[in-house]
Each structure stands twice: as structure tokens, then as C-alpha cells.
Amino acid sequence: MSTITTPPVTDAAGAAPRHPGSSDRAGRGGGTFGPRRLAAALPGALRKLDPRVMWHNPVMFIVEVGAALTTAIAIAEPFLGGPGESGGSIVPGGFTWAIAVWLWLTVVFANLAESVAEGRGKAQAESLRATRSSTTARVVTSYDEATDAAAERSPLREVSSGDLAVGDLVVVVAGETIPGDGDIVWGIASVDESAMTGESAPVVRESGGDRSAVTGGTRVLSDRIVVRITSRPGETFVDRMIALVEGAARQRTPNEIALNILLASLSIVFVIVALTLNPIASYAAAPASLAVLVALLVCLIPTTIGALLSAIGIAGMDRLVQRNVLAMSGRAVEAAGDVTTLLLDKTGTITYGNRRAVAFVPVPGVDGSGLAAAAMLASLADPTPEGASIVDLASAEGVHVDEVPAAEVVPFAAQTRMSGLDLPDGTSLRKGAGSAVVAWVEASDPIPEGTREALDRSVDAIAKGGGTPLVVARRSPDGRARVLGVVHLKDVVKAGLAERFGELRAMGIRTVMVTGDNPLTARAIAAEAGVDDVLAEATPEQKLALIRREQEGGNLVAMTGDGTNDAPALAQADVGVAMNTGTSAAKEAGNMVDLDSDPTKLIDIVRIGKQLLITRGALTTFSIANDIAKYFAIIPAMFAGVFPGLAVLNVMHLHSASSAVLSAIIFNAIIIVVLIPLALRGVRYRPMGASQLLGRNLLVYGLGGVIAPFIGIKLIDLVVSLLPGF
Amino acid sequence: MGALFAILQAATVALVLALAYRPLGDLMARIYTSDRDLRVERGLYRLIGVAPRVEQSWQVYLRSVLAFSVVGVLLVYLLQRAQAVLPFSLGLPAVPEGLSFNTAASFVTNTNWQSYSPELTLGYTVQFAGLAVQNFVSAAVGIAVAIALVRGFARRGERTIGNFWVDLIRGSLRLLLPLALVSAVVLLAGGVVQNFTGFTEVATLTGGTQTLPGGPVASQEAIKELGTNGGGFFNVNSAHPFENPTAWTNLFQVVLMLLIPFSLPRTFGRMVGSPRQGLAILAAMASIFVVSLTALSLLEAGGAGTAPQLAGAAMEGKETRFGIFGSTLFASTSTLTSTGAVDSMHDSYTALGGMLPMLNMMLGEVAPGGVGSGLYGMLVLAVIAVFIAGLLVGRTPEYLGKKLGPREIKLASLYILVTPTLVLTGTALSFAIPGVREDVESTSIWNPGVHGLSEVLYAFTSAANNNGSAFAGLTANTPWLNTALGVAMLLGRFVPIVLVLALAGSLAAQGKVPATAGTLPTHRPLFVGLLVGVTVVVTALTYFPVLTLGPLAEGLI
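Residue numbers (this note's numbering), protein chains in the order written: chain B, 108 to 833; chain F, 24 to 580.
These are computed hints drawn from the structure, not numbers from a lab.
A virtual CB, placed ideally from N, CA and C, is assigned to each residue, including glycine.
Just to be clear, a hint being listed does not mean it is correct.
[Said to hold, decoys possible] Here are the in silico distance ranges between beta carbons for each label pair:
(1) F:456 / B:760: 49 to 57 Å
(2) B:601 / F:77: 57 to 65 Å
(3) B:658 / F:296: 19 to 27 Å
(4) B:656 / F:90: 54 to 62 Å
(5) B:658 / F:506: 21 to 29 Å
(6) B:652 / F:62: 45 to 53 Å
(7) F:464 / B:158: 36 to 44 Å
(8) F:46 / B:601: 52 to 60 Å
(9) F:46 / B:799: 52 to 60 Å
[To be verified] Covered by chain F, according to a simulated footprint, are these stretches of chain B (three or more residues, beta-carbon under 8 Å):
(10) 428-438
(11) 483-489
(12) 543-551
(13) 583-595
(14) 652-662
(15) 744-758
(16) 788-801
[As the list claims (entries may be wrong)] Some but not every residue of chain B turned toward chain F, in silico, with C-beta under 8 Å:
(17) 362
(18) 379
(19) 383
(20) 805
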């Protein structure tokens, strides 16, 4: 379900309102497929019957030409003395009409699949368009960054948002809609981006750094910002999103093109088979009627996949949109399925953004709870997540201290590398980097040799294990200072990651963790998370070099990034997912944007890319495998009148020649409708090695494709045989 | 007893081929990758003005193949037209234009379809300077093209795919010539004739006279089988006692036909650096071969009909010195290798039995196919199979580290279009054009009705797939069939070669994608099964409708 929804919109067919961000939206791609949605898609399906549109799908174009031809014959038949013989058998009265109708239905079903797939995108596009309504922008006429960065004294000019030019500077204050995409050059503001992301909680955007990008159509809730416009009206992010979800900007991907070529060529072979059959039959047997020949042709060309191919592509893009990922090109979605190397940022992706306290290690002579209490007290007023985690850990260990109201908080400073608390009674508590705290203690008292050794041992051990040691010390009112111990802060690896990386490994994808940490820490975290490789002390240049190196070895690389200095790497990567919170430069460089700014989503994207390809392959295999049963239905029927011996091939014991041909055509049409939900939802994909996957899918779609039509055609034949004359 | 002997023969052939697989495959890999030239080769390069170390792009390679073949067609054509004035022509006149064209096209394309009776049409000069030369070089061209495609798979980011002239000359001099020489000696020892005595009048026991033809048969015979050519010295080909005197020479000829086509997968595996990839291709080829041979043998041994029941099996058109299995083994081998030699008359097989040689050819001559052409045909089918299977595992399909994108699939798709189009349109036109139809019905078709249709279908199948064998009932020496079959042979040979070389070029230009757990393994039994499935579905099923009008209609009564 789309998350691009303010106000909440309903489905094309009026299904339940969509809940942006709801967790179940991922799996429900085809879930809302039902009669009402079909009905809503019907007008679009009929419009697509235009031969100029059909032409782009060679397989279905052949079916349409066949349908038109059969209709013409059916109309002309009464004037030419009724239906004649075909292959030596008498043809019943309504046969040609029946074939014609079912051929038209085949084409309509194919168009219906595409329309249904497009339907959801259309609804999303509508809601997005609503956000694009013209607003008035206040442009700064003469901006002077040095003297008036906030543009408070500069005159403002009011222009329509549609007349903004790239480079214009606009002022936006609380309550206003941001008139266009841009970067904040001054100020900080909370912005309501729910129109884009569906996330109702406002986000903070500020000048400088990696969270400076704002999107046109979103609303400033507080404060005042100056924005430099970075895209022309009509080419904004929202415009591109509309084009994407509507399918207007959908370009066929390389694999889709290749598959289309293969299908076209298989169709041409069968056109030749059909065209050459009658001259040959006229010599040794009796020619088949045109309606039967068209039926043979339509049954043999791969109509099932031909009908569903474009729906599969649209639905694949749509599945990404449902997960709040915008792919700027279909090529990127497909490349995601091919990715062999995944670069993952440590912070936010592999670990929670913040370090957490996991243990208190007291020095000899201090008891654990004493250290915990001191650390807790020192952290009570500490707003950082690390501080909060110390409080949590101490509480968990049963330590309880009350906040001292009159205490003076000493905030962390880069110079001191410590933070702490000065109590009214003169006691001081400090926690911070080892050397800084030791220096602070030794300023009043030397540290005993034994304590010093124990402290160093603990600090080293924690650092080697990939953690961060935080030394805690106290100075009593009497001026005596002593070290209490060490708090073990640790990067906490997100739960379940090791299994996910294991899955990726099974899929043949190598994971590389990228971090600014030192190699020691990096390797420890990498080992815990189960990634395959690590790039420690990474600079943007090294990241770019790593991507190039991987690509030279033939690997396809995917990565996420948000900062401006990530832009070159995002552009270089085969799949570059930019975070929506990131800078415009990053969003411009990547070929996907994640509106939720969730770096772990890269794994989902890979999965969707694979699922897209597998769905195509599965339906192609199914479609081709179907031919075997259809041969056994039609071939014995075609010339049964002349060669009764061919009845041996009628293994399904179909009722008559006419009912066999009609049943095959009906099966061929109905199977399209039956498979629309699968095409929209995508086949189920479980991570496993290629060999296993091939075996499983060949069994389901290959063998299934051989067997299913035998059963289907037989069942349809039982019904058709009840028709008079058949 | 019969069954035991059959199994013994099959086992012998299998054993010899298995023993030859590695050494011969490796030898061929060395021949085409070595950077040393023999002195005689250096002389030849100087003579034709070729720098042997300069490699060619696929376009230049293709131009060389086509230029060489055009010259070949012209030479063979002119030799036949000038036969009357050539020495050692046994007094035979010039060959008519239509037949000359057909024969020239036939031998240059490695088809060796014979619209004529050799002993009554061609003298020694044309046989030697024209046909025998083409028997060597057309085979060498086939291998060269296959090697060029293999190089496409083996190379990374290169613009060139080898040098055609080097491949041609090495293939002829280092591979075919020595092997043919040894084989000819073996055949001589087996009783195949080799002389220049022309026709000999002999008095028969009953007092009549008989004209026995002689000629340099053994030397022709060796390359006929080894190069999967199939053009016999005599009209009845390997059924003639001077060409194929005994059961063991028969078996030896079968081995010769299969030797190179079944060893080339090893060469492929070696050159791409993974012998097991070669084994997979071999397995796909061999499984089709075994199934087809078994089916044909059972059908013929079972022999429906009155005469076969009396004889114990369908012995019509078969030589008693070969028996059922000697004949079906030869027929299967000959039609599955694009050789087209016969030691029994396929036209006289049981209706369904006669369909099998036809089906064998319809598979596109890939199991194991002609020398070179079988390997490149199978690799193209592997490209299609990998494409479908690759999608099934969720990756852009890649084969041996090469991505199969729109261009590669376009070339492979066009490749599989070529022969069905030629076969079906050729057959249909024979019955669709009123004047032609009368001619075909009155002159060419020996057995009217369903069987006559099979004869025409067989002829076009054989020509378009460059096999060369015939359903003997058809008189093909007519203007329509000489022209249409000649055109089918040329297009059936060179259009695929254009596509294969273009494919080689686009593969060679690519880098190599490293294999991961997500890469489709192309050496496992599952993939071999898929490849066989694709081969059967994509090629043979195309012909199902038309087969129901011919052999199936005849056989399922």
C-alpha cells in the first residue's frame, strides 16, 4: 500500500483506507486483487486494444490479429455457405464465433493484467498531484551570506512556485509549504514530510551536514529556513515520483527486452508453422480451416507470459514503492537482483546508532554496585543515548539513586573529553575517555600502581573486543580523587542480522561493513554481525575505490548513503540507495531513494529484484511447458477426419475435434486471469542457493506447467462437450 | 543373440569414444591455442598473405569465412562445368548448371546432399580437386567457427576471436589430414577399394557382364565420415560393399563420424578452463543420442507390417551384413551428426522408424552434430536454456561468467529461427506454387500420398540442417529441388554462422562475472536435463504439426 498519502486515499476499487507505514503492506501486493479491482481496470484494458498500443507486445499483437481475422471469417461464413470442413472433420455452427470470442477475451485478459497493475500506481499519482498544487514562494532578491545569512533584511519577492528557477533562494516559515526541492542554506526546522513518506512524525532538517535536503510539497511546522532551490518546477522529486508510480516513465529493463526478443522469436516460428501447414496439408490431407489454424497458432505462441510480462514489471516497481523505495529506473531494480556485493554502513544498519552500556568493570577495591551507582548518578542528567543506557543498565542491576536537584551538570566537551556532575556537597563525578579521566584524577592524587594496572587491563580488553571503555572517577569533597572502574560501552548489533547475512550468503551476496572505526573494533563488530568483510577507517575516497575494485572483478555493488560525500560512491555503485533524509546531491547520485531512510532496506530491495526476475522466468517456463499439452489437444483434432489413426495421440480423450480446439483456446485465455495475482504478487522467494532454487522452480513451474493444462483442458472439454454440435 | 550383439557393438563404440574424449579433446584445444606454426603452415601463410599472429574481430573473421566459402562454391561449380575438358574424367560430360550449383552448395556447406549418382556423373578430377578438398576444408570451417565461439566464452574484454586462416589451416593440416590418413589405411585393410581403374567389365557366373566401378574410395571414405560430410563415392553410399565391406568397417565408420563431434566438448571445457562444463554439454548430447538410437532400433527390430513380421524385423532396405542394429546405429549416427551417409535406405524404414532420422535432423544437428557445427549449435541452445534457468534463480542469466543480455538473446533466438523457417517454407512452397507442385508430384515424388510428403519434408530437413542424407524415393535432380535445396543448404549453413560469430564477438568483448552461490551452476545433471528439454521443446516440437501429416499419419494407423 502506498505511503504517499495525505489525506488517506483508498484503492482504485475502494478497498480499505491505506495505513502508511503499516507493517503488513509489504506482502499485500496482490492481496487486494478482486472483482472490483478488475472492474475498475476494465476500461483501461479495452482502451489498450488499439493496435498501435498492442504493437509493443508482439505476442499479444499476433493474438489480436488472429482474433480480428477469426471475427471477419465468422461474419462472412453465413454468406459463404456456412462453416465448411476443417482437416476432414465437420465444423459445428457456432465454432468460429466461439473461437473469435475467446481470442478477444485472451487479448482483453492480457490488457486487464496490465491495467490492474497500473491501477494502484494511478491512485498514488493522484494523491501526489494534490501536494503539487501551486504555492507562493518568497524569493530573496539579494542574498548576502556573510552579513545576512538568515535573509532577514533582504527584500523578498513573491513568485508562484511554478516560476522558480534553480539557484533561487526562498524563505519558508512555519505553516508554509516548501515551494520546491532544495537544500537549506540557513536555519533549522521541523518538517512534516508525511505527504512523501506517509510518516506522520515530523523530521528535523537543518543547514549544513547531511540532513539539509527538503522536498517541495512538504510543510514546515516550526522555525524559519532559507532554502536554495535545486530543481526546476516540473522536474522535482514529486514530479518524478508521479511519473514513476504511474508507469509513464517505465522503461523496459534489459532482461525484459531480452525475454521479449525470445518470446517474439518463438512466436515467429509458430507463425511460420501455421502459415506453412495448409499448403502441405493440401497435398497429403485436407486443409484446416482458418479458425483452427489461428487457434493452433495462439495456443502455441507463449501467450501466458506475453500477456503478463508488462504487468510483472509494473508490479515489481510497485512492490518497491510499497516499501517506500523509489527506483529511478527499472534497470536499477533488476540490477538489485544481480548484486553480488553489498556495502553496509555500520552505524544504523548493522548496529543501532548508539553505543550502549553492557557492563560495569570496577577496579580492585571498589564494589560493582558502587561503580554502578556513581556511573548512574553521573549519567542521570546526561541527555545522550549512551548516558541513558548507563542508567538503564544500572537500574537493571538493581541500583537506585535519586537525582540530586541542585547538582551542576558538566556537559561533554571535545576539549575535556569528559562529562559528569558536581554535587552541592562538593563531590565531583566524571566519566569519559580513559586518558582524560586519569589525568583528571592524577591532578589531585596519584593512582596506585595496582589500580592503574587493573584499569589499563580492563580498558584494553574492552577496546580489543570492539567496545568503548568509559572510565568513571570520583573526587570527594576533601579533594581526594580515585578511579572507580570502567563502563563497557558497546555497539549493539541489531538482532537477527547474522541470519539475514547468512541468507544473503546463500544467495551468493557478499556483505562488506563500512565504518570509520579502527580496524580492531571494526573486525570485532563484523565478527559479531556475521558480515563477510570489513572496510575500517573508511573515507569516502576509500569507499569509492572499494566499489571500483569490486566492479573490476565483475561484481555488482549495492550501497546506501546520505551525505554529500557519499555521492560519488552512490553514483559509482550499481545500486545506490540514497536516504530521503540525505542531501540533494546524494539523492541525485543514487538510482533509488528510500523515503523511510532505513539502510537495512537494501536487503529487501535485493530480494524484490530477484523476485521480479524469478516471476518472469517462472511464467515463461510455465508458458512454454503448456505447449506440450496443447499439442496433444489440437494436433490429433486438426486432421482427425483424414487420419483417424491420430486419435492415439488424443491422450486426454477429448470429446470431439471441435471441442478439443475450443477447450485449448479457453484454457489458454483463462490461465491468464488465473495467473494475474501471481504476476502482481510475484512468486514466493526464499533465499537459497541457485541450484536448489532452480530445482524447486523447475519442479513447480516446469513440471507443473506440463501437467496443469492436461487437467485444465480436460475439465473445460467436459463442459464444452455439453454445447450443441460440439 | 541379436540384442547381445547390438549391445556389444554399442559398447565398443562408446568405449572407443570414451577413450578418445580426453586426448583428442585436449589435442584439439592445443591445436587451436598453440602459438607455434609448422614450417608448411608458415609457407601457406606467406602464400596467401596472412600474418598468423594478427587476430581478427568477429566481423573480419566472418568476412574471411564467407569469402573462403564463396570461392569454394565457385571452384566446385566451375570444375563440374568444365568436366568434359578435365583429365581423368572417365569420359563423363560437363555437369548441368542446376546440378552443378546444387552440388557446389552441398559440398561447401558440409551437407554433401547428392542429387546425382556419383559414379555416373563425376570423374576423378572433380571428385578429388573439388569434392575431396571441400570435405576437408568445409569440416575445418565448421570447427573453426565453433572454436571462435568457444574463444568468445573464454576471453575477457577482447575485441578479437582468433584468426580464421590460422584456424582453417591448422584444422586441416594438424587434425583432419593425419586422422583421415590413418583412417584410410584402416579402411583399406578392411577391404575398401582404392584405385584409379575406372570401370571394369566382368563376366558374372550366369554368363552376363557387369560393369564394376573403381576409384580412390578409401581416401574419400575416411574424410567423408571424419568430417561429417557424408557424400559417398557411390550412389548407395556406405551400403556399397566397396565403400563399407563388413560389419566392422561399418562400426569403424560410425566411430569416425562421432569421433570429433563428441570430443569437441572436451576442447570447449579445456579452453574455458572448466572441463566439467564440457562434460555437461557431452552429457546432453549423449543422452539425446542414446534415446534416439534406442527408439529407432526398437522400432525397426519390432517392425510392424507383414513383410517385417515374416523377416523377423524390418529388413527392407537394409544390408544383411550389417543387420538391424548395424543399420540403425549407422542411421542414428549419420543423422545426429549431420553426416548424411547411409548404409541402409531410410525411405524403407518403418513409418515411425523413418520419422526418427528426420527428427534427429530436426533437433538442429546438435547431438552431437556436425564437426564444429554441433558444438556451436548446442552452445546456442545452452544460451537459451541458461537464459530461462537464469531468470528462474533470480539473476541476470550468465553462462560461464558471460551475461546474456538482449544482444546475445537476439542472436540465439534468430539462430533457432533459421532452420525451421527454411524447412517449413521450402516444403510448403513445393506444394503451394502450382507449377512447382505439378513438377514435384509428377517427377520427384516416387510414392504419392503421405509417404511422398515425408520424402519432400526429409529433403528440406536434410538440406537446411546440412545433413545430406535422403529419403531415397525422391528424385531431387529437378530445377526446383536443385535450386531450392541448394539455397536451403547455403542459408542453413551461413546464416547460423553469421549469428554464431556475432555472438562470439559480443561474448569476447564482455568481462567475466565471478561465480557465487547465486550463480546458476551449468555443470549439474539438472542443467543437463533442462538443456535436453529446451533442445526438444524449442526445436523438435516446432515440427510436430507437419510430422502428423507425414510419418505420424503413416505410422499411426
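Hint check:
Between residue 456 (chain F) and residue 760 (chain B) the CB atoms are about 40 Å apart, so this pair departs from the stated range of 49 to 57 Å. Taken as a hint, the range 57 to 65 Å holds for the pair residue 601 (chain B) and residue 77 (chain F), whose Cβ atoms sit roughly 59 Å apart. Residue 658 (chain B) and residue 296 (chain F) have their C-beta atoms about 22 Å apart, which keeps the hinted 19 to 27 Å range intact. Separation of residue 656 (chain B) from residue 90 (chain F) is about 44 Å and departs from the stated range, judged on CB atoms against 54 to 62 Å.
In this structure the hint that residue 658 (chain B) and residue 506 (chain F) lie 21 to 29 Å apart at CB is violated, the actual value being about 54 Å. The hint said 45 to 53 Å for the Cβ distance between residue 652 (chain B) and residue 62 (chain F), and at roughly 51 Å that hint holds. Roughly 40 Å separates the CB atoms of residue 464 (chain F) and residue 158 (chain B), a value that falls within the hinted 36 to 44 Å. Evaluation of the 52 to 60 Å hint for residue 46 (chain F) and residue 601 (chain B) yields a pass: the beta carbon distance comes to about 58 Å.
For the pair residue 46 (chain F) and residue 799 (chain B), the supplied restraint of 52 to 60 Å is violated, since their beta-carbon distance comes to about 36 Å. Beta-carbon proximity to chain F at under 8 Å applies to 0 residues in the segment 428-438 of chain B; the threshold of 3 is not reached and the given coverage is violated. Interface restraint, the segment 483-489 of chain B with chain F: violated (0 residues with C-beta to C-beta distance below 8 Å; minimum three). Given as covered by chain F, the segment 543-551 of chain B fails the check, having 0 residues with a CB less than 8 Å from a CB of that chain where 3 are the minimum.
Check on the segment 583-595 of chain B: 0 of its residues sit with their Cβ under 8 Å from a Cβ of chain F, so the three-residue criterion for coverage is violated. Residues of the segment 652-662 of chain B with a Cβ under 8 Å from some Cβ of chain F number 3, which satisfies the need for three, so the listed coverage holds. Three residues within the 8 Å Cβ limit are the bar, and the segment 744-758 of chain B against chain F gives 8, so the coverage statement holds. Counting residues of the segment 788-801 of chain B whose beta-carbon sits less than 8 Å from any beta-carbon of chain F gives 6, enough to reach three: the coverage restraint holds.
Of the supplied interface hints, the one on residue 362 (chain B) holds, with its beta-carbon coming within about 6 Å of a beta-carbon of chain F, less than 8 Å. At a threshold of 8 Å, the smallest CB-CB gap from residue 379 (chain B) to chain F is about 5 Å, leaving the interface hint in force. Of the supplied interface hints, the one on residue 383 (chain B) holds, with its beta-carbon coming within about 4 Å of a beta-carbon of chain F, less than 8 Å. Given the 8 Å rule on beta carbons, the hint for residue 805 (chain B) holds: about 7 Å separates it from the nearest Cβ of chain F.
Violated hints, in rising order: 1, 4, 5, 9, 10, 11, 12 and 13; the structure is consistent with all others.
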